[in-house]
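Visitor: Protein chains in written order, with the working numbering: chain A, 21 to 203; chain B, 52 to 327.
These aren't lab readings, by the way, just hints derived from the structure by calculation. Accuracy of the hints is not assured; some may be wrong.
[Claimed, not checked] Derived Cβ-Cβ restraints for the label pairs, each shown as a range:
#1 B/E60 with A/V150: 36 to 44 angstroms
#2 B/S289 with A/V168: 43 to 51 angstroms
#3 B/F257 with A/P48: 17 to 25 angstroms
#4 B/T143 with A/V168: 16 to 24 angstroms
#5 A/A188 with B/A309: 49 to 57 angstroms
#6 B/S204 with A/Q46: 30 to 38 angstroms
[Claimed, not checked] List time: in silico DMTMM-like cross-link candidates among lysine to aspartate or glutamate, alpha-carbon distance up to 20 angstroms:
#7 A/K162 with B/D265
#8 B/K291 with B/E61
#9 A/K120 with B/E168
#10 A/K27 with B/D206
#11 A/K27 with B/D268
#12 A/K27 with B/D220
#13 B/K113 with A/E121
#14 A/K162 with B/E168
#15 B/K200 with B/E294
#16 A/K27 with B/E294
#17 B/K227 with B/E238
#18 A/K120 with B/D265
#19 A/K162 with B/D159
[To be verified] A few chain A positions that, by computed beta-carbon distances, are all more than 12 angstroms from chain B:
#20 L63
#21 I70
#22 P73
#23 F91
#24 K128
#25 L142
#26 L146
#27 L147
In this text, all values refer to a predicted model and were calculated from it rather than measured experimentally. Every residue, glycine too, gets a C-beta built ideally from N, C-alpha and C.
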Amino acid sequence: MKKFGIKEVVAAGIGTALFVALTQVQIPVGFIPNTALQPRAALLAFLAAIFGPVVGGIVGLLGHALGDALFYGSVWWSWVFPDALFGILVGLFATKFAIKEGGFDAKKVVLFNVVQIVANALAWILLAPVLDILIYAEPSNKVFTQGVTAFIANIIIVAILGSLIGIAYSQIGAKSSSLSKED
Amino acid sequence: MAGRVLTYEEKNTWIHRLSGVTKLVFFLLWSITSMLSYDTRVLIVMFVLSLVILRASQTKWKQVGGVFQFILIFLIINILAIFLFSPDQGTTIYGTRTVLCHIAGPYDLTLEQLFYEANIILKYLTVVPAVFMFIVTTNPSELAASLNKIGVSYDICYSIAIALRYIPDVQDDYHKIRNAQEARGIEMSKKASLTERIKSTSAILFPLIFSSMDRIDVVSNAMQLRGFGKTKKRTWYSAKKPERNDYLVLGFIILFSAIALIITFHDGNRFYNPFQ
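Hey, can you work out the whole structure from these sequences and the hints?
Guide: So, in structure tokens, the structure goes:
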């Protein structure tokens, strides 16, 4: 079941489409200018947690690059790869979460949040600023401030929306697919 | 919102007739070159060339204007932020400090900083036309087909094709759900508090994600029924053979990137320094 099957092909495709469509859906924080909570980060965490690292990586990479290109007309590569990394890291724990099997209980929600915080930290505090400096030679205090802001915004939105979507889907999913497939 | 998105538009120019892969490779090499190079001479040549390309693809202002205005705003915010955070980045890079005028506190307007930020603007403006060209002239299904032709596994190609195919559908769903929820009285404007806004966003997000999860099931069942993935190969309806122009463009972009990078790095530094 770990291979890239039909379900994963379609999930990566439609997941990417969802991610792109949500590019413009942002919740302005209000008190910090130019920062917004991005619900698409929660979507990415959710998809990765269900379908695994390959789908997470594709949705992060392709979704971010396409979304940037379609809506903003340029691709900010130093922020594309962190999203891919985030998708892969969360996806690595997909089997542990057991969202689809209906077992996404309190303990797993905690695990999900620990994973997402670590993954967000690696992606936004480490990878994004380093790429910004390497690729665009931007001042380091600026990119680290941006990175930390993105980190905080993302862990908040993933902790709230990501966990809730996971719990809700876990409850629905368990009802409709409680029968397991025989290999 | 719909007017603000770049979409493919069918036209009959030589750029439209190129294979999608050619344009993808061009776009990727072009962005990599522009990302790596801080050499003003290279960037200016690239900027002029990209305008020529945009012109040759007969891209109209109304196709890209909305997005372009958005980019400009973003660009201005970004270069102002760089100045606020690090007014002497130019001096750090170019080694000299020519003060034009004093602004306030630690902020001096230096020639080096202006030059450095002008380079950033230029870097942006060289990539933007390439993105416009790529999105506006590439037929999505043809791109997926020709990606497979150059050896990318067709699972991945199919994911890409599905993504491009379903973006408009998912956007449509999003608007329908939002209208429905707004009719039921959720508050989406700035008046609502932060928790209120997160709540109303999830009122849209939950139905959208769950209906998309259903869609994933439906589409993958349909594909399974039709035997997707049974054989090693598949045929493509909109596949295109590479033609003479494809090879010419590929040859040009590889040569151009190589020369541009040699010019940029030959003095061991990616910056072109007019101050020494």
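Visitor: Would you mind marking each hint as holding or not holding in the structure?
Guide: To see whether the hints hold, each was checked on the structure:
no.: 1; hint: B/E60 with A/V150: 36 to 44 angstroms; in the structure: 38 angstroms, holds
no.: 2; hint: B/S289 with A/V168: 43 to 51 angstroms; in the structure: 45 angstroms, holds
no.: 3; hint: B/F257 with A/P48: 17 to 25 angstroms; in the structure: 21 angstroms, holds
no.: 4; hint: B/T143 with A/V168: 16 to 24 angstroms; in the structure: 22 angstroms, holds
no.: 5; hint: A/A188 with B/A309: 49 to 57 angstroms; in the structure: 52 angstroms, holds
no.: 6; hint: B/S204 with A/Q46: 30 to 38 angstroms; in the structure: 34 angstroms, holds
no.: 7; hint: A/K162 with B/D265; in the structure: 42 angstroms, violated
no.: 8; hint: B/K291 with B/E61; in the structure: 16 angstroms, holds
no.: 9; hint: A/K120 with B/E168; in the structure: 49 angstroms, violated
no.: 10; hint: A/K27 with B/D206; in the structure: 11 angstroms, holds
no.: 11; hint: A/K27 with B/D268; in the structure: 7 angstroms, holds
no.: 12; hint: A/K27 with B/D220; in the structure: 19 angstroms, holds
no.: 13; hint: B/K113 with A/E121; in the structure: 49 angstroms, violated
no.: 14; hint: A/K162 with B/E168; in the structure: 14 angstroms, holds
no.: 15; hint: B/K200 with B/E294; in the structure: 13 angstroms, holds
no.: 16; hint: A/K27 with B/E294; in the structure: 35 angstroms, violated
no.: 17; hint: B/K227 with B/E238; in the structure: 16 angstroms, holds
no.: 18; hint: A/K120 with B/D265; in the structure: 13 angstroms, holds
no.: 19; hint: A/K162 with B/D159; in the structure: 18 angstroms, holds
no.: 20; hint: L63; in the structure: 7 angstroms, violated
no.: 21; hint: I70; in the structure: 8 angstroms, violated
no.: 22; hint: P73; in the structure: 14 angstroms, holds
no.: 23; hint: F91; in the structure: 6 angstroms, violated
no.: 24; hint: K128; in the structure: 19 angstroms, holds
no.: 25; hint: L142; in the structure: 22 angstroms, holds
no.: 26; hint: L146; in the structure: 19 angstroms, holds
no.: 27; hint: L147; in the structure: 16 angstroms, holds
Violated hints for the displayed structure, listed by number in ascending order: 7, 9, 13, 16, 20, 21 and 23.
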